[in-house]
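As a plain string of letters, each chain reads:
There are 2 protein chains.
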Amino acid sequence: MEQIGFESVRTNDIPLAEQVAAQISELIVEKRLTSEDKLPNEFELASMLNVGRGTIREAVKLLVARNVLIIRRGKGTYIAHHPGEISDPLGFAYFPDQLQLGFDLLEVRLNLEPWIARVAAERATDEEIAVMNQNCRTVEQDILSGKNHLPNDTEFHISIANCMHNLVAPKLIPIITYSVGLFGSLNGNTLLSETIVGHRAIADAISAHDPDQAEKSMRTHIEQNLDELKAIRQELLEST
Amino acid sequence: MEQIGFESVRTNDIPLAEQVAAQISELIVEKRLTSEDKLPNEFELASMLNVGRGTIREAVKLLVARNVLIIRRGKGTYIAHHPGEISDPLGFAYFPDQLQLGFDLLEVRLNLEPWIARVAAERATDEEIAVMNQNCRTVEQDILSGKNHLPNDTEFHISIANCMHNLVAPKLIPIITYSVGLFGSLNGNTLLSETIVGHRAIADAISAHDPDQAEKSMRTHIEQNLDELKAIRQELLEST
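The listed protein sequences correspond, in order, to chains A and B. Residue numbering for the first sequence follows my numbering, starting at 1 and increasing by one per position. Residue numbering for the second sequence follows my numbering, starting at 1 and increasing by one per position.
Extracted from the complex, chain A is given alone in its bound form (with noise of 0.2 Å):
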């Protein structure tokens, strides 16, 4: 197929290092090249792209902080493992209201993530459910050896999506989940037993191919949550 959907807009009101920028990634898109291949050194760019070395360094440095390049020193420049995948894409950090961010995190989850646990059960293969299976055993680990359980709770619910076989749900799902580390400190764990009982229900069903109870278990699980955030909301309200 021809690259499609990538169009370089080149004004004067666009700063130059942009430009080169925007360049650079057609040339990344166009060469196929993907995580972990290396990007021409600044000479080849600068001759390619006809400007200086000082422009690449800036674009580069520009695509660094987009994630789409990275740098190993004394190695080069390398096309990052996700290009263009951000953590907090969407700004959540920077959202005046963390409460209420987490209460409507929650209402788009309860929305997509049993349809995806349905899906899931549908189109499972062995080696996803192996993994998922894997990733609900971390979890559960993490929790009873008393260790921070968050980053692998979110690599449960990927592991979920990627059940789906469809390349957007799992990018969505790190940043529909963003609100789980937010109120850790505040909820004493009481969610933690919940959690290891929940996920394994999840888990089974998708296991056993059962789209039904893929999707109550993780409505359920995801109410539990809900039932959480509004005691910690009570909390918040009493103790002011």
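None of these hints come from the bench; they were simulated from the model. Careful: at least some of the hints might be erroneous.
Stated by the list, open to error - Simulated coverage check for chain A against chain B, where a stretch passes if three residues somewhere in it have a Cβ under 8 Å from a Cβ of chain B:
#, region
1, 25 to 35
2, 74 to 84
3, 140 to 153
4, 158 to 172
5, 208 to 216
6, 220 to 232
What the hints assert, rightly or not - In silico contact screen, one side only, chain B against chain A (beta carbon under 10 Å); selected entries:
#, residue
7, Ala21
8, Gln23
9, Leu49
10, Pro89
11, Val119
12, Ile176
Claimed, not checked - Here are the simulated DSS-like pairs of lysine-lysine, each with C-alpha atoms no more than 27 Å apart in a straight line:
#, chain 1, residue 1, chain 2, residue 2
13, A, Lys147, A, Lys75
14, A, Lys61, B, Lys230
15, A, Lys230, A, Lys147
16, B, Lys75, B, Lys31
17, A, Lys61, A, Lys31
18, B, Lys75, B, Lys61
19, A, Lys38, A, Lys61
20, A, Lys216, B, Lys38
21, A, Lys61, B, Lys61
22, B, Lys61, A, Lys75
23, B, Lys61, A, Lys38
24, A, Lys75, A, Lys61
25, B, Lys31, B, Lys61
26, A, Lys216, A, Lys230
27, B, Lys61, B, Lys38
28, A, Lys61, B, Lys38
29, A, Lys38, A, Lys75
30, B, Lys216, B, Lys230
Positions of the beta carbon are idealized from the N, C-alpha and C atoms, including for glycine.
Got chain A sorted already, so can you dock chain B onto it with the hints?
Using the frame of chain A, we list chain B on its own:
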């Protein structure tokens, strides 16, 4: 409420400019600086954070690249309109199979947007309905006058999500409608009249606070997009 959900990590593995960028971000969150507020100048920041001005300058560049800050020539550095929110945050432009991406986006939209339309019909205020209807008319005018209607098409879908009173849903719309413009050059605009009729049906149902009809109209609209994408895939298969 106390500052939550934001913890800067300081280790020697992280470049100094990155650490300072995180500190400036914290400052923005703590001081509740929002869109259009001015950032303290380089001297002030350097003295507040106890680093050199060169480091401040590097950190500011990182935050400009991430759309947290914007520089107004001769005026200073300001907080961006939607700080931290960048276009194409999931790096869709770097996905090798753009056609599959289009299908997978539509699968997600078919789950998410009929629900958004339903809740919008339940919660919309008169003012929000007026904005949505204005956006609907703007898209119609764009189409009838032969202009590219896609930017305003996305605005229309965002204004529906705004009727939900959920902080997250409107932010997801630009992500999941990424594909809208991808195949515009291929489909010869056969969808344009369906777009006018489809949008109008959705806007009318939300204006009438009819959740069932709003959900149904949105589903029909996205299914038409899906049919169109299937026709495009067929064309591409036949042309190769």
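Next on the checklist: Run through the hints listed earlier and report the numbers of any the structure violates, in increasing order.
Outcome noted: 3, 5, 6, 8, 9, 13, 14, 20
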